[in-house]
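> For reference, the chains in residue letters:
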Amino acid sequence: MSFQGSQPVAIVATAQTQWRATWSQAQHIDLIAAAVQNALKGSGLDIRDVDFVIDSGSDVLDGRSISNCGFLGAMGAHHKEESRVEDDGLWAAQYGVAKIASGSAQVGLIIAYSKPSESDVSQYYRTMADPFIQRPVGLDEESACGLQAQRYLHAHQLTPADLAEVTVAAWRKASSNPTVELDQVPSVSQVLASPMVASPLTQAMMARPVDGAVVMVLANASVARRVTTAPVWVKGIGAAMDSSVFAMRDAQFDVCRQAAQRAYARAGLSAAQMDLAETSATSAAAELMTLEALGLAEPGKAIDLFRQGRDAGINASGGALPANPIMATGLVRLSEAAQALWGQRTSSAKNSRRAVVHASSGIAAQSHCVFVVEVERP
Amino acid sequence: MSRVAIIGVGQTHHQRRRADVNVPGLVREAAQRALADAKLEMSDIDSVVVASGPVLFAAVNQPEKWVVDALGARGKPVVRITSGGGTGFAGALGGYYQVAGGQADRVLVVAYDKLSEGALQASISSLYDPFWGREFAVGIMGFSAAYWRARMDKLGHTEEAAARVVVKNLSNARMNPYAHVRKTVTVDDVLKSAPLAWPIKLLDVPPISDGAAAVVLTREDLAAQHTNTPAFIRGIAYCAEADNAPQRSMLMSEPLAHAARVVYRASGITNPRRQFDVVELQEPYSCFELSYYESLGLCPPGGAAELIASGATEMGGDIPVNPSGGCQGANPIGAAGLIRLVEAAMQVTGRAGEHQVPGARLAAAQTGGGWANLRGLAVVSAD
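Residue numbers (our numbering), protein chains in the order written: chain A, 523 to 900; chain B, 49 to 431.
Please note that a few of the clues may not be correct.
[To be verified] Not everything, but these chain A residues come out facing chain B in the computed CB check (under 10 Å): (1) R606; (2) G618; (3) Y646.
None of these hints come from the bench; they were simulated from the model.
Since we're looking at a predicted model, the values are computed, not measured.
For every residue, glycine included, the Cβ atom is placed at its ideal position computed from N, Cα and C.
Turn these sequences into a full structure, and let the hints steer you where they fit.
Pasting the structure below:
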């Protein structure tokens, strides 16, 4: 299995709306259309150049069956090939990469959006649990993440204060990211004092759902070379899903590790060669677990990145904790990584060349998708 | 780009209600049959695509995360692709690109719906815009009735033309061991059945079914390792039409015509009526089969009533349509689009049993979903 014989695929443009706790004055179609238009603006491409659209969204969050059907016009999909991946947008990007790599298309839009402010997020997760065994005992995102965090803290002699530190670092970074709307950066004591949702996790240690939309423009090499001097090449992709039975899951995010290993192997690169990382975790503990599974720290040692100030390249955007547009979070990570590699983010380290990008989905991150991308410098 | 081969197919014996299995059990049944057909085990599979109808049908969100264990796919990439009624086909398309794009060598695509467990038309009604449309939504039937009525008014197509589709498909379904509707009806029976949303009457409507289907896809150069009877996907596309496009036609399925142009170009089809040996269509109501004849170029625009009346699309006609019985024989919605592809593969490899079209080598498999605005087509051949 390799990309051998298939076409290289590049990210050539991207756009996001601002991520807000509530986009009360905009409908889904307004957010999607704004992101599509902004992604194409100045890209050298227009909607007529787009061969296909792959979108990601949730019927449950949208309160609407086949919700892609109602958004086709806003997505620019009229009379184009279109498919919906009902998982985080990074899986939609994986589909789009495959389509271009096959040689059957040149340019595709990958679209993800979220409007959890209009939805019951708790129900969105609760209804993922099987109806016979796990749902009746009340398994949901918060309880599962709490159990996961307890186990992680215990295994590595960490404390809730460590999780608060990770949370504060994320919000501080997000405060310099103009696409994330936030009031103020909480202090460690404020994080610890916020309401307990599932011990040891307080509300502030959980990812904050936000509204908005994100679009990536993918292209094959001939188009990429025509429209940009700095294509961000998709070097490797890996994905893996764990058991639905929470009690049977590996405590160390083993499937995330598998997904990452597949992505690094495809890219012919290692974790040590990554300049930037963008991860999607729904709790501060899961963020540490993800960094370790991606090979960026030894098991139990991801906290040292923060303690020793070596976290500049880790979720420089703020990551998923301050802004978690459910179903779009991973695609936002890819968008942030591309913009950082293009030098469009002031917070990004200079001369960054490669990034590892991560998405997770399901209760307590049952499924993982990892991209390895590399910018070509002019 | 390497060609993609179907090396294993499987489907359940579709029923009105499967009380003996839950959703993971149903999914596993079809997957195991496809794997056995390809002489493979789950450990040989690189990636899994799950497809099912809207999650409101069964009230389990992201159900691929539930069925992963029953599939034995823990640790593998598993993703769910959805697209309303055409979702099974859309899933196959996603798997097709994983192979064609070099992301996986062997992909299992499994599609299902267990419609006995949910409120079907109420779930479908939530497709309509919450601000404009949902207050008068009546499932998908009201919209489909308007679609057909427009064709009756404009083209002079009668209720009888659609009734002939029902008679033909139910007659074919009797030969298909996987179909669960086994009844003989006449044109008169259909015309006299109870009107539900005129001109749609009870017998114009397919059954509600529990069922699943699966295919194993691989690269052409690997296919020979697994089977002597691969079926090759020579072209495949799934196209959209914005539901609020002002120029949207009620007379012709433009996204299907668009998909047909793309697929025919890729697969060298210039005269579909003459070249195809067999066609499998996903007809959510009888009237849609007629409109698809035209969008696929099996007859001139407006010529569908004449085509069905001629008997050409019956078994023994020159262009048999739905030897399986189509959705009239079994309609597990999320699987229905993939069943069309499974049936097309069985036909071109001569493995369709009693409903085999003799000597079939080239088949079309069509699908549709959404608000009649998502339409797909694949061309499948034995060589």
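> Could you run down the list of hints and mark each one as holding or not?
Outcome of the hint check:
1. R606: holds, 5 Å
2. G618: Holds. Min distance 9 Å.
3. Y646: This hint holds: Y646(A) lies near chain B, its Cβ roughly 6 Å from the closest one there, short of 10 Å.
Every hint from the earlier list agrees with this structure, and none is contradicted.
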